[in-house]
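2 protein chains.
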Amino acid sequence: MARTRLTPEREGELYAAVLDLLREVGYDALTMDAVAARTRSSKATLYRQWGSKPALVVTALRHNKPVSLAEIDTGSLRGDFHAVLQRTDDCQMEKDSALMRGLSHAVHESPELHQALRELLIEPEMTGLDELLRRAVDRGELRPDNPALKYIPHMMIGAIAARQLVEDRAVDQAFLIDYVDSVVLPALGV
Amino acid sequence: MARTRLTPEREGELYAAVLDLLREVGYDALTMDAVAARTRSSKATLYRQWGSKPALVVTALRHNKPVSLAEIDTGSLRGDFHAVLQRTDDCQMEKDSALMRGLSHAVHESPELHQALRELLIEPEMTGLDELLRRAVDRGELRPDNPALKYIPHMMIGAIAARQLVEDRAVDQAFLIDYVDSVVLPALGV
Numbered sequence: 000m001a002r003t004r005l006t007p008e009r010e011g012e013l014y015a016a017v018l019d020l021l022r023e024v025g026y027d028a029l030t031m032d033a034v035a036a037r038t039r040s041s042k043a044t045l046y047r048q049w050g051s052k053p054a055l056v057v058t059a060l061r062h063n064k065p066v067s068l069a070e071i072d073t074g075s076l077r078g079d080f081h082a083v084l085q086r087t088d089d090c091q092m093e094k095d096s097a098l099m100r101g102l103s104h105a106v107h108e109s110p111e112l113h114q115a116l117r118e119l120l121i122e123p124e125m126t127g128l129d130e131l132l133r134r135a136v137d138r139g140e141l142r143p144d145n146p147a148l149k150y151i152p153h154m155m156i157g158a159i160a161a162r163q164l165v166e167d168r169a170v171d172q173a174f175l176i177d178y179v180d181s182v183v184l185p186a187l188g189v
Numbered sequence: 000m001a002r003t004r005l006t007p008e009r010e011g012e013l014y015a016a017v018l019d020l021l022r023e024v025g026y027d028a029l030t031m032d033a034v035a036a037r038t039r040s041s042k043a044t045l046y047r048q049w050g051s052k053p054a055l056v057v058t059a060l061r062h063n064k065p066v067s068l069a070e071i072d073t074g075s076l077r078g079d080f081h082a083v084l085q086r087t088d089d090c091q092m093e094k095d096s097a098l099m100r101g102l103s104h105a106v107h108e109s110p111e112l113h114q115a116l117r118e119l120l121i122e123p124e125m126t127g128l129d130e131l132l133r134r135a136v137d138r139g140e141l142r143p144d145n146p147a148l149k150y151i152p153h154m155m156i157g158a159i160a161a162r163q164l165v166e167d168r169a170v171d172q173a174f175l176i177d178y179v180d181s182v183v184l185p186a187l188g189v
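Protein sequence lines correspond, in order, to chains A and B.
Note that numbering that gives the first Met the number 0 gives residue 175 to position 176 of the first sequence, counting from 1, and the numbers run on in steps of one.
Note that numbering that gives the first Met the number 0 gives residue 121 to position 122 of the second sequence, counting from 1, and the numbers run on in steps of one.
Take these hints with a grain of salt, some might be off.
If chains are identical, the list can't say which one is meant, so a pair holds when it fits in one copy or spans any two.
[As the list claims (entries may be wrong)] Calculated lysine to aspartate or glutamate pairs in the EDC-like style (CA-CA distance at most 16 Å, straight line):
| hint | residue 1 | residue 2 |
| --- | --- | --- |
| 1 | K94 | D137 |
| 2 | K42 | E166 |
| 3 | K149 | D177 |
| 4 | K149 | E166 |
| 5 | K42 | E130 |
| 6 | K52 | E118 |
| 7 | K52 | E124 |
In short, the hints are calculated from the structure, not lab data.
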């Protein structure tokens with residue numbers, strides 16, 4: 000997909016508009032027509048640049064993440080996990096949670112959205128996470144055969160999903176840092 | 000709420016019909032009219048017995064659970080956790096996951112449903128869990144100040160939510176037992 004006709008600023012504006020629409024109306028009601036109207040683009044341009052609604056939504060979500068996991072390297076696993084959490088402020092976390100809530104149902108209804116989320120958002124983050132964990136193994140902090148290693152995404156997604164459901168409170172940095180220190184690092188034997 | 004006019008069999012049939020409807024049409028489209036039609040009851044009876052749609056749905060969900068946590072006492076924390084998971088077969092787990100997916104969005108839209116879920120389903124399970132953990136502390140298996148204790152629901156909800164999202168597979172007993180052994184017990188220092 001060639002994106003040479005859009006400046007980075009224009010691309011950023013367009014992604015922000017897609018996420019605003021997603022929070023306002025949800026995934027099902029978000030049409031390419033609505034995106035075209037909101038961003039004063041043509042539908043033909045949207046399809047040429049992004050191919051499909053799921054791909055556009057996922058690319059917008061991915062653009063929203065300011066720092067990739069791969070760029071984080073503090074010298075300790077605990078430091079790396081904290082840095083991952085500290086890259087996103089509480090207000091942004093709440094906005095991200097609202098987006099994920101709106102998408103969680105759609106993911107089960109749309110295999111195309113699910114696949115795009117996995118390819119564009121989940122798998123690159125998993126690769127970044129693997130890199131961060133490999134360095135911890137190299138430093139001798141982590142045993143490579145620890146059975147909890149494969150469950151880090153499950154532990155983190157649970158923290159986010161359960162805080163709202165069980166505690167009726169929004170996720171914030173202090174909560175996630177305490178969860179990493181209380182659950183994730185002890186399960187990993189760190 | 001007096002339920003004396005229904006036999007336990009009739010009550011069980013009614014709850015099963017509510018859950019079938021919930022899987023078929025989702026929470027939003029589940030009306031008291033539809034429940035009345037499906038179960039050949041009057042709406043007045045439904046409201047007299049259960050008070051509201053959220054209360055009826057949550058009572059039906061709760062009835063669906065064959066064993067309460069409080070009845071499990073195997074003599075070890077690992078044994079208790081495994082017994083909790085073994086009380087539900089894989090087919091029932093998949094049906095339960097489908098229900099929870101259908102409800103997860105509704106929970107954020109309906110404070111009344113959320114409160115009913117918390118009062119009738121989450122809090123009684125938390126009380127059962129507390130009892131099970133208290134016995135492990137009494138046996139000396141578990142330190143009462145372990146910081147992961149307050150996060151057990153988060154860990155378990157994460158296992159269920161993430162398996163579908165990350166692995167694209169349904170939750171089953173073997174997976175949850177491996178997760179308890181790999182994550183939950185090590186985080187608790189057991």
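Against the structure, the hints:
1. K94 - D137: Answer is neither; intra-copy 36 Å and inter-copy 43 Å both fail.
2. K42 - E166: neither (42 Å within a copy, 33 Å between copies)
3. K149 - D177: Close across copies (11 Å), not inside one copy (21 Å); limit 16 Å.
4. K149 - E166: Between copies, since 11 Å is at most 16 Å while 26 Å is not.
5. K42 - E130: So K42 and E130 fail the 16 Å test inside a copy (38 Å) and across (58 Å) alike.
6. K52 - E118: within (15 Å within a copy, 39 Å between copies)
7. K52 - E124: neither (21 Å within a copy, 40 Å between copies)
The earlier numbered hints that this structure contradicts are 1, 2, 5, 7.
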